[in-house]
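Participant: Protein chains in written order, with the numbering used here: chain A, 1 to 159; chain B, 1001 to 1204.
Be careful, since some hints might not be right.
From the structure, some residues in chain A lie toward chain B, with a derived Cβ separation under 10 Å [as the list claims (entries may be wrong)]:
1. I13
2. A18
3. E31
4. S35
5. R105
6. L106
7. D110
8. Y118
9. G128
10. R146
Hint data in this document are derived by calculation from the structure and do not stem from the laboratory.
Using N, Cα and C, we set each Cβ at its ideal position, and we do this for glycine too.
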Amino acid sequence: MSGDPLAHPERLIRQVYAYVAYRIGAGSEAEDVTSETFERALRYQGSFDPRKGTPLAWLLGIARSTLAGRRLRVHEQLDAEAAVGAGDIEDQVAARLDLQAALERLDERDQELISLRYGADLSSKQIGKLLGLEPGAVDVSLHRARSRLRAALGEAERV
Amino acid sequence: MPLYRRDRDELERMLQRSRPEAPEALVESIVARVDATARRRPTMLFSPSRIFALVLTLAMFGALASFGGISYAASAAQQAVSAVKRVSAPNPIVNAVRTPAQDEYGVPGRPPACKKNQVRVNGKCVPKCKSNQRRFNGKCARRGGVKGASKTIISSGVEGASATISSGSGNLPFTGFDLMLVIGGGLLLVLVGGALRRFSVNRE
């Protein structure tokens, strides 16, 4: 593996943004956090150790501490621009809003697991390494998080 | 397909479909910043931290050398090597049984043995010093002087055999600091350094 964690940043930016957006909602706050994450990554690039993990895991660690530092609990709605649409796009936007609302009902840990798995696209093993869990325990926790998310989505539909 | 499996797949598909996409403007701006930083960063053979470490090392060597610490360390190492040599390859006892004539006049080519309360210093038999005294310039004097300096005593036992005894006071030379205290302090500093590094990495 290359010693430079930011040698190919594009994919990493998209993954970090997706993770952050799942955590706090898509929008300008998520963009700010992503931007700040990469600023800090550039500043502390020397601290990256390829033996300890992948560049993505390292960046997600920075993103997590950035989020914790900001204490962001603001969940932005999707852009008004995106909400204006027809047909499939409208359905997609509605689904996204439902999902975002359901995610907000989950506790921190479930949100973290869902964001890492479906936002940052990490494997159970990678999530386990980041959170200090066994891959099996991650799978079990993810299964429970999905169940709670499904229940939250059901509630949202009933409302 | 079982119902729970179908539900799970649908939910996963939904989560993957709804994955937030980073705006292109954000991606481009961050990529540009990363590229600019990569271009600006030269190959840091002499980075500030390396220069600092080098300067600190040289300063420590200079300070040690000015107080004779390096030559002291070298002589201590030499003594240690000779002590190990002596232990691993001791002098053979040639005359285990001697004749009365040899006791009286000594072995030919060797000086006669000293009396019971004498030791041989520079080839002469001189009275032993008291336990609270040490020999300095051939005379017995009260203990003191340079702390931690080693002394060589020629034993009065088997002729030709000598033993080097370090002072064993546990103090460092010149400063008189307690050796264990210094080692403990060093270990503490290493631990603090490690903890600080871990803390800063975690914060990142």
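Participant: Would you mind marking each hint as holding or not holding in the structure?
Facilitator: Verification of the hints:
The beta carbon of I13/A comes within 5 Å of a beta carbon in chain B, closer than 10 Å, and the hint placing it at the interface holds. The beta carbon of A18/A is positioned within 10 Å of a beta carbon in chain B (closest approach about 5 Å), and the interface hint is therefore held. For E31/A, the interface hint holds, since its Cβ comes within 10 Å of a Cβ in chain B; the closest pair sits about 5 Å apart. Because the closest C-beta pair between S35/A and chain B is about 6 Å apart, less than 10 Å, the hint holds.
The restraint placing R105/A at the interface with chain B is violated, with a minimum CB-CB distance near 15 Å, outside the 10 Å limit. Given the 10 Å rule on beta carbons, the hint for L106/A is violated: about 12 Å separates it from the nearest Cβ of chain B. The interface hint given for D110/A is broken, as the beta carbon of that residue sits about 12 Å from the closest beta carbon of chain B, more than 10 Å. Contact between Y118/A and chain B, as hinted, is supported at the beta carbon level, the nearest pair being about 4 Å apart and thus within 10 Å.
Look at G128/A: its Cβ only gets to about 18 Å from chain B, farther than 10 Å, so that hint breaks. Look at R146/A: its Cβ gets to within about 6 Å of chain B, closer than 10 Å, so that hint holds up.
When the structure is compared with the earlier hints, violations turn up for hints 5, 6, 7, 9 and for no others.
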